[in-house]
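A.B. asks: Take the given structure of chain A and dock chain B to it, following the hints.
As given, the protein sequences belong to chains A and B, one line each in that order. Be aware that the first sequence starts at 1, since it is given in the numbering used here, and climbs by one per residue. Be aware that the second sequence starts at 307, since it is given in the numbering used here, and climbs by one per residue.
Certain hints may be false.
As the list claims (entries may be wrong) - So these bits of chain B aren't anywhere near chain A, every CB distance computed over 12 Å:
| id | residue |
| --- | --- |
| 1 | Ile312 |
| 2 | Gly340 |
| 3 | His351 |
| 4 | Pro372 |
| 5 | Val377 |
| 6 | Thr378 |
| 7 | Arg380 |
| 8 | Gln427 |
Said to hold, decoys possible - Only pairs whose alpha carbons sit at most 25 Å apart, straight line, appear in this in silico BS3-like list of lysine-lysine:
| id | chain 1 | residue 1 | chain 2 | residue 2 |
| --- | --- | --- | --- | --- |
| 9 | B | Lys370 | A | Lys243 |
| 10 | B | Lys460 | A | Lys243 |
| 11 | B | Lys309 | A | Lys148 |
| 12 | A | Lys106 | A | Lys57 |
| 13 | A | Lys106 | A | Lys118 |
| 14 | B | Lys370 | A | Lys249 |
| 15 | B | Lys420 | A | Lys148 |
| 16 | B | Lys460 | A | Lys74 |
| 17 | B | Lys309 | A | Lys249 |
| 18 | B | Lys417 | A | Lys292 |
| 19 | B | Lys420 | A | Lys284 |
| 20 | A | Lys148 | B | Lys311 |
| 21 | A | Lys194 | B | Lys311 |
| 22 | B | Lys417 | A | Lys284 |
| 23 | A | Lys194 | B | Lys309 |
| 24 | A | Lys292 | B | Lys424 |
| 25 | A | Lys248 | B | Lys370 |
| 26 | B | Lys432 | A | Lys74 |
| 27 | B | Lys460 | A | Lys292 |
| 28 | A | Lys292 | B | Lys420 |
| 29 | B | Lys370 | A | Lys194 |
No lab work stands behind these hints: they were computed from the structure. Backbone N, C-alpha and C define an ideal beta-carbon position, used for all residues, glycine too.
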Amino acid sequence: MIKPERIAIFTKDNELFDALSLALSPLAPVVRAPKSLDNRTLVLVDERKGPAIDDLKPTLHLPWLFWIGHREDKDHIQFIHEHHLHHLLGLDAVRTPWEAEMQIKKIFAEKDKWWGLKPYLAAGTMTDGFSLSDSNKHGTDQVREILKLQEWSEFFDSPQDHLALMANELVSNALYNGPEEKRSGSAHYPIDRKAPVFLRGSELVQVNLGMDTHAVGLSVMDCFGTLDWTKTVESLHRGFQEKTVQYKKGGAGLGLYLAFSHGNQFIVNRRPGLRTEVICLIEKNRRYRQYKGRLKSFHFFEEASS
Amino acid sequence: MSKLKIDKELLDGVLTAQLAGTIDEDADFTPLQGLSQPSVIFDFHGVTMLNSCGIREWVSFIAKLPPATRVTYRRCPQIIIEQINMVHGFFREGAVIESFAAPYYCEHCDKESKVMLKTAQVQTRKAPTQTCPHCGEANMEFDALEEQYFHFLKNQG
Numbered sequence: 001m002i003k004p005e006r007i008a009i010f011t012k013d014n015e016l017f018d019a020l021s022l023a024l025s026p027l028a029p030v031v032r033a034p035k036s037l038d039n040r041t042l043v044l045v046d047e048r049k050g051p052a053i054d055d056l057k058p059t060l061h062l063p064w065l066f067w068i069g070h071r072e073d074k075d076h077i078q079f080i081h082e083h084h085l086h087h088l089l090g091l092d093a094v095r096t097p098w099e100a101e102m103q104i105k106k107i108f109a110e111k112d113k114w115w116g117l118k119p120y121l122a123a124g125t126m127t128d129g130f131s132l133s134d135s136n137k138h139g140t141d142q143v144r145e146i147l148k149l150q151e152w153s154e155f156f157d158s159p160q161d162h163l164a165l166m167a168n169e170l171v172s173n174a175l176y177n178g179p180e181e182k183r184s185g186s187a188h189y190p191i192d193r194k195a196p197v198f199l200r201g202s203e204l205v206q207v208n209l210g211m212d213t214h215a216v217g218l219s220v221m222d223c224f225g226t227l228d229w230t231k232t233v234e235s236l237h238r239g240f241q242e243k244t245v246q247y248k249k250g251g252a253g254l255g256l257y258l259a260f261s262h263g264n265q266f267i268v269n270r271r272p273g274l275r276t277e278v279i280c281l282i283e284k285n286r287r288y289r290q291y292k293g294r295l296k297s298f299h300f301f302e303e304a305s306s
Numbered sequence: 307m308s309k310l311k312i313d314k315e316l317l318d319g320v321l322t323a324q325l326a327g328t329i330d331e332d333a334d335f336t337p338l339q340g341l342s343q344p345s346v347i348f349d350f351h352g353v354t355m356l357n358s359c360g361i362r363e364w365v366s367f368i369a370k371l372p373p374a375t376r377v378t379y380r381r382c383p384q385i386i387i388e389q390i391n392m393v394h395g396f397f398r399e400g401a402v403i404e405s406f407a408a409p410y411y412c413e414h415c416d417k418e419s420k421v422m423l424k425t426a427q428v429q430t431r432k433a434p435t436q437t438c439p440h441c442g443e444a445n446m447e448f449d450a451l452e453e454q455y456f457h458f459l460k461n462q463g
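Isolated chain A, as found in the complex (with noise of 0.2 Å):
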């Protein structure tokens, strides 16, 4: 597996340089704003100081392509439509350091540790789950199960019915879509979403919750792999330019926009045609104003076809 001989940074950002300099540099060599760039390099640029992204395209690996956005979340997500990001990073002045070492850290990592919540929880933590193998409708019961043992004196008020909003809407795609595309090799949904769906075989849905000191973590698998970037993007460029239901036989087209508003960081792990998971972390926080100023992420891992 091919890995990052460096990384550069690009920020005029002193205060943020050194701490992501400090988070990074474990990883591999840390430059700053070198002059030229090779494909062989991760690259986070800071928006607000770095160079234009076109003019970084044509050199890079764009999976490593890392950008720090301070914009609007829907201008974030048309950004990414348009330039095919794999990464941004919604600034936050505390978080961001802490938030680039864990998704690069997956990049300098073997593949088969990306999975799970593992990454993003400190080591030690405890998560509980449960599989699917229907629609019985009991999983956002046992979601909200699960996040009654949480201790929540850290957060706002709010975050068990985001997640367990999260979590419905995830595993709703994940029973209803997942196995029809892999079966029919079409991005066409034709499960009215009143009907049940039973998966065959070893076939599952795996939910997965845990916290630890920053963030609590939501992640929904599924063993098809079908979600790929390109459905991702085009979905939540969707939810963000029209917000609005669509009428069609199937979901109303908006779960991962909505999975992706009510979190902080946005995470897609896919290895193509075998298994998808989506991560959502709300990171801890006392006020609900900070996570909802919070400028969200999104990160799109996936693992070459071999």
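C.D. replies: Here is chain B on its own, set in the frame of chain A:
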């Protein structure tokens, strides 16, 4: 099976429908079909979740109400307000939003409160001052971004 419970009460020609539970793809609005009252109040206080398919079900349901019916939304919980701000169509055009929950934070006692606000209390998208129900502090801080949280009121007279 629908996890949405609907209780109806008719008083002086005004129908109040209290909704509780989850509004999702299985939401069954049959008990509310064929309403003939000129005025209907939907009380959302007991609603715990509104997912994307539930919004679609709701939008389809209210589109079938007679155009002349006066519709009022009462006691919308915070999670509903958030969804409504993210997805268009939940509020029927011309409907009145009477009251809704809003997050406040008291720096004095470090507690968050959900305060039920009347729409009339929110002028030019500015949150009204509130007293902390826990410690009595007179000026709790509105704990959301006003422009974002009150977005759903933009069409309210």
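A.B. asks: All hints are to be evaluated individually against the structure, with a verdict given for each.
C.D. replies: Hints versus structure:
1. Ile312: Ile312(B) is indeed farther than 12 Å from all Cβ atoms of chain A, at 18 Å.
2. Gly340: Given a closest Cβ separation of 21 Å, the condition holds.
3. His351: Correct as stated: the minimum Cβ-Cβ distance to chain A is 14 Å, above 12 Å.
4. Pro372: Holds: least Cβ distance 21 Å, greater than 12 Å.
5. Val377: Correct as stated: the minimum Cβ-Cβ distance to chain A is 19 Å, above 12 Å.
6. Thr378: 23 Å, holds
7. Arg380: Holds, since 19 Å exceeds 12 Å.
8. Gln427: Non-interface label stands for Gln427(B): nearest chain A Cβ at 19 Å, farther than 12 Å.
9. Lys370(B) - Lys243(A): Holds - the C-alpha atoms of Lys243(A) and Lys370(B) are around 21 Å apart, at most 25 Å.
10. Lys460(B) - Lys243(A): Answer holds: Lys460(B) to Lys243(A) is near 16 Å, not above 25 Å.
11. Lys309(B) - Lys148(A): With a Cα-Cα distance of about 20 Å, the restraint between Lys309(B) and Lys148(A) holds, given a limit of 25 Å.
12. Lys106(A) - Lys57(A): Cα-Cα ~21 Å, so holds.
13. Lys106(A) - Lys118(A): Between Lys106(A) and Lys118(A) the Cα gap is close to 11 Å, so the pair holds against 25 Å.
14. Lys370(B) - Lys249(A): 20 Å, holds
15. Lys420(B) - Lys148(A): OK: Lys420(B) and Lys148(A) at ~19 Å, within 25 Å.
16. Lys460(B) - Lys74(A): 19 Å, holds
17. Lys309(B) - Lys249(A): Measuring from Cα to Cα gives roughly 21 Å; hence the hint holds.
18. Lys417(B) - Lys292(A): Holds. Lys417(B) to Lys292(A) sits at ~18 Å (cutoff 25 Å).
19. Lys420(B) - Lys284(A): 19 Å, holds
20. Lys148(A) - Lys311(B): Roughly 23 Å separates the two Cα atoms, so the pair holds.
21. Lys194(A) - Lys311(B): 17 Å, holds
22. Lys417(B) - Lys284(A): Between Lys417(B) and Lys284(A) the Cα gap is close to 15 Å, so the pair holds against 25 Å.
23. Lys194(A) - Lys309(B): 13 Å, holds
24. Lys292(A) - Lys424(B): Holds, at roughly 22 Å.
25. Lys248(A) - Lys370(B): 18 Å, holds
26. Lys432(B) - Lys74(A): Since the Cα atoms of Lys432(B) and Lys74(A) sit roughly 24 Å apart, the hinted pair holds (cutoff 25 Å).
27. Lys460(B) - Lys292(A): Since the Cα atoms of Lys460(B) and Lys292(A) sit roughly 19 Å apart, the hinted pair holds (cutoff 25 Å).
28. Lys292(A) - Lys420(B): OK: Lys292(A) and Lys420(B) at ~16 Å, within 25 Å.
29. Lys370(B) - Lys194(A): 20 Å, holds
Checked against the numbered hints given earlier, the structure satisfies every one of them.
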